[in-house]
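*Asks:* Sequence:
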Amino acid sequence: MLLLLAAGCNRGKPVLGPAQGKVFFQGFPVAGATVVFTPDPGHGGTGPMLQAETQADGSFVLKTDGVPGALPGWYRVTVMALEPVPLGLDGQPIGIPRSRLPDKYRDPELSGLTCEIQAGVQNGWNFNLEDSSNP
Numbered sequence: 001m002l003l004l005l006a007a008g009c010n011r012g013k014p015v016l017g018p019a020q021g022k023v024f025f026q027g028f029p030v031a032g033a034t035v036v037f038t039p040d041p042g043h044g045g046t047g048p049m050l051q052a053e054t055q056a057d058g059s060f061v062l063k064t065d066g067v068p069g070a071l072p073g074w075y076r077v078t079v080m081a082l083e084p085v086p087l088g089l090d091g092q093p094i095g096i097p098r099s100r101l102p103d104k105y106r107d108p109e110l111s112g113l114t115c116e117i118q119a120g121v122q123n124g125w126n127f128n129l130e131d132s133s134n135p
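Sequential numbering from 1 applies to the sequence shown in the numbering used here.
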């Protein structure tokens, strides 16, 4: 009887695929970037949009509701990293933050970054971003 109860405990909880990666821009790790995974409906992707922050070495770990991992499926990926804005004497930001990455990486239609998350395997990516306007 106990075995049947234990088997029913995970019912209704989706199986998450472990998902992590690193972001590089022109060969260097990008720290402090926001990486967003948006389900790709063109490939049948469903579920919530997920985001993670990169560490000093450019690494990130995706989490769903605070649990490491993501729902299996296809995702379009965007990356945004802003320059710090100096603060005035009143503690308010002076100016508007500028992007440290080309604008195309903020748009899921233009970034060109896609990936598939699979259940039961360690999913990992290195996103090597380049600036095509700066040869």
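One should not assume that every hint holds.
Unchecked claim - Pairwise CB distance ranges (calculated): (1) Pro93 - Gln118: 36 to 44 Å; (2) Ala31 - Ile96: 17 to 25 Å; (3) Ile96 - Val121: 21 to 29 Å; (4) His43 - Pro97: 16 to 24 Å; (5) Gly32 - Leu110: 18 to 26 Å; (6) Val15 - Glu130: 15 to 23 Å; (7) Pro84 - Phe24: 16 to 24 Å; (8) Gly88 - Lys63: 17 to 25 Å; (9) Val85 - Pro14: 16 to 24 Å; (10) Thr34 - Gly95: 15 to 23 Å; (11) Leu89 - Gly112: 17 to 25 Å; (12) Glu116 - Pro84: 30 to 38 Å; (13) Trp125 - Ile96: 24 to 32 Å.
The hints are simulated quantities; they were obtained by calculation from the structure and are not laboratory data. Ideal placement from N, C-alpha and C gives every residue a C-beta, glycine not left out.
*Asks:* Please go over all the hints and tell whether each is borne out by the structure.
*Replies:* Against the structure, the hints:
no.	hint	verdict
1	Pro93 - Gln118: 36 to 44 Å	holds (41 Å)
2	Ala31 - Ile96: 17 to 25 Å	holds (21 Å)
3	Ile96 - Val121: 21 to 29 Å	violated (42 Å)
4	His43 - Pro97: 16 to 24 Å	violated (33 Å)
5	Gly32 - Leu110: 18 to 26 Å	holds (22 Å)
6	Val15 - Glu130: 15 to 23 Å	violated (35 Å)
7	Pro84 - Phe24: 16 to 24 Å	holds (20 Å)
8	Gly88 - Lys63: 17 to 25 Å	violated (35 Å)
9	Val85 - Pro14: 16 to 24 Å	violated (39 Å)
10	Thr34 - Gly95: 15 to 23 Å	holds (20 Å)
11	Leu89 - Gly112: 17 to 25 Å	violated (43 Å)
12	Glu116 - Pro84: 30 to 38 Å	holds (34 Å)
13	Trp125 - Ile96: 24 to 32 Å	holds (30 Å)
Of the hints listed earlier, those the structure fails to meet are numbers 3, 4, 6, 8, 9, 11, in rising order.
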